[in-house]
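Protein sequence lines correspond, in order, to chains A and R.
241 is the number that the numbering used here gives the last residue of the first sequence; the numbers go up by one with no jumps.
279 is the number that the numbering used here gives the last residue of the second sequence; the numbers go up by one with no jumps.
Keep in mind that the hints were calculated from the coordinates and are not lab data.
Please read these numbers as outputs of a predicted model, since none were measured by experiment.
Here are the simulated distance ranges between beta carbons:
(1) 88/A with 272/R: 25 to 31 Å
(2) 118/A with 123/R: 43 to 49 Å
(3) 115/R with 115/A: 26 to 32 Å
(4) 175/R with 117/A: 44 to 50 Å
(5) 88/A with 175/R: 25 to 31 Å
(6) 118/A with 181/R: 50 to 56 Å
(7) 111/A with 175/R: 37 to 43 Å
(8) 68/A with 182/R: 32 to 38 Å
(9) 223/R with 113/A: 55 to 61 Å
(10) 252/R with 70/A: 25 to 31 Å
(11) 163/R with 117/A: 45 to 51 Å
(12) 130/A with 115/R: 49 to 55 Å
Glycine residues also receive a C-beta, built at the ideal position from the N, C-alpha and C atoms.
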Amino acid sequence: MKDIEREWREVARLIAAEKEAALAELRRRPLAPLEPAAAPAPRRLRLVLLPLAASLLLAAGLAALWLVRGGWQGASLAPAGSEILADSFLYAAAAQSEPLAGTEAQAPVSPFFTALAETALRPQSGGEASAAAETASRTAVERGDSEKVRRAIGRAIRENAFERMLIHFQEFHAQEA
Amino acid sequence: MAMEITTMPVEAARDAEALVRDSLPALQERVFCLCLGFVGNAADARDLAQETFAKALAHAREARPQTLPAWVMRIARNTCLDLARRRTSRGPQEPVSEGCAVERRTPEDHAGRQEEIAIVRRAVVALPPQLRDVLVMREYGELPYEEIAAALGIRRGTVMSRLNRARASVLRFYREEHHEGH
Numbered sequence: 065m066k067d068i069e070r071e072w073r074e075v076a077r078l079i080a081a082e083k084e085a086a087l088a089e090l091r092r093r094p095l096a097p098l099e100p101a102a103a104p105a106p107r108r109l110r111l112v113l114l115p116l117a118a119s120l121l122l123a124a125g126l127a128a129l130w131l132v133r134g135g136w137q138g139a140s141l142a143p144a145g146s147e148i149l150a151d152s153f154l155y156a157a158a159a160q161s162e163p164l165a166g167t168e169a170q171a172p173v174s175p176f177f178t179a180l181a182e183t184a185l186r187p188q189s190g191g192e193a194s195a196a197a198e199t200a201s202r203t204a205v206e207r208g209d210s211e212k213v214r215r216a217i218g219r220a221i222r223e224n225a226f227e228r229m230l231i232h233f234q235e236f237h238a239q240e241a
Numbered sequence: 098m099a100m101e102i103t104t105m106p107v108e109a110a111r112d113a114e115a116l117v118r119d120s121l122p123a124l125q126e127r128v129f130c131l132c133l134g135f136v137g138n139a140a141d142a143r144d145l146a147q148e149t150f151a152k153a154l155a156h157a158r159e160a161r162p163q164t165l166p167a168w169v170m171r172i173a174r175n176t177c178l179d180l181a182r183r184r185t186s187r188g189p190q191e192p193v194s195e196g197c198a199v200e201r202r203t204p205e206d207h208a209g210r211q212e213e214i215a216i217v218r219r220a221v222v223a224l225p226p227q228l229r230d231v232l233v234m235r236e237y238g239e240l241p242y243e244e245i246a247a248a249l250g251i252r253r254g255t256v257m258s259r260l261n262r263a264r265a266s267v268l269r270f271y272r273e274e275h276h277e278g279h
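The whole structure should be built from the sequences, with the hints applied where relevant.
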């Protein structure tokens, strides 16, 4: 038994020597400190920083506007997007190609809209209407001349033509039936 | 009540993390030695100790103040066994050089000492896993019987009996190897 203890002491000494050599290296170069697991901190920081950054951007934008216009009174006079883009090549190209597209491809005119426009374009006193004027009005509608139609509808509204329009709708529906 | 339910785990987790973080420096050398006992290589032991601490911190919620050292040692043991499983083909590593920590001897003495350490290393590696766990925890990790029992989930008496068998086995191996060498 004593021999076993003595032998084990020798083995234990060898183990201790192995450990001591390894520990000497560890003491010279300790383990890297563990990174703090502070995950919530960046989130809190984000919650503060994001609104702050947004506020700063807004303030910078307002300051820039104030500098450009020379005051708040002129803020509404800021150039529109179309004015700013007018010099750009793409915008100019789009503006040129627009009329062509408008003449070449016309949308089909709804019969309901045709009837409405015809009613609006019809003169107040039926006897005064000339065939040429009626043809011109119809042509304007069929060509989709929106400006002319808009003016005519506006005039009809001003002349209190709703009643006549309703009567015409009744007639129209009666004919359809 | 709902407030308590949402905030309590966060506070508990912070406390547990602080507990583990504060305890790790004191356990650093023991964990390192334990890893050395399992892998027999200072470089690997260093990596494994670092990995153990990272795991301990990541699972800090599971730590209990009373059993913290045993808990960390269990993590270290499992980490070492994971590495051993990954490296089954490589076999035992060379023992560390004694370097400047041990008094200078003649080259012959030094070589003889290194050879004896290598024999012990081989003897430990050759132990059955159950005996090796106990021996490494006791001789390398310097854990008391109670902590070994807690770490391995066995009784104190079982720890003592396994330790005796492990020592006897290492001595037998050592004697045989030593006599063959001479």
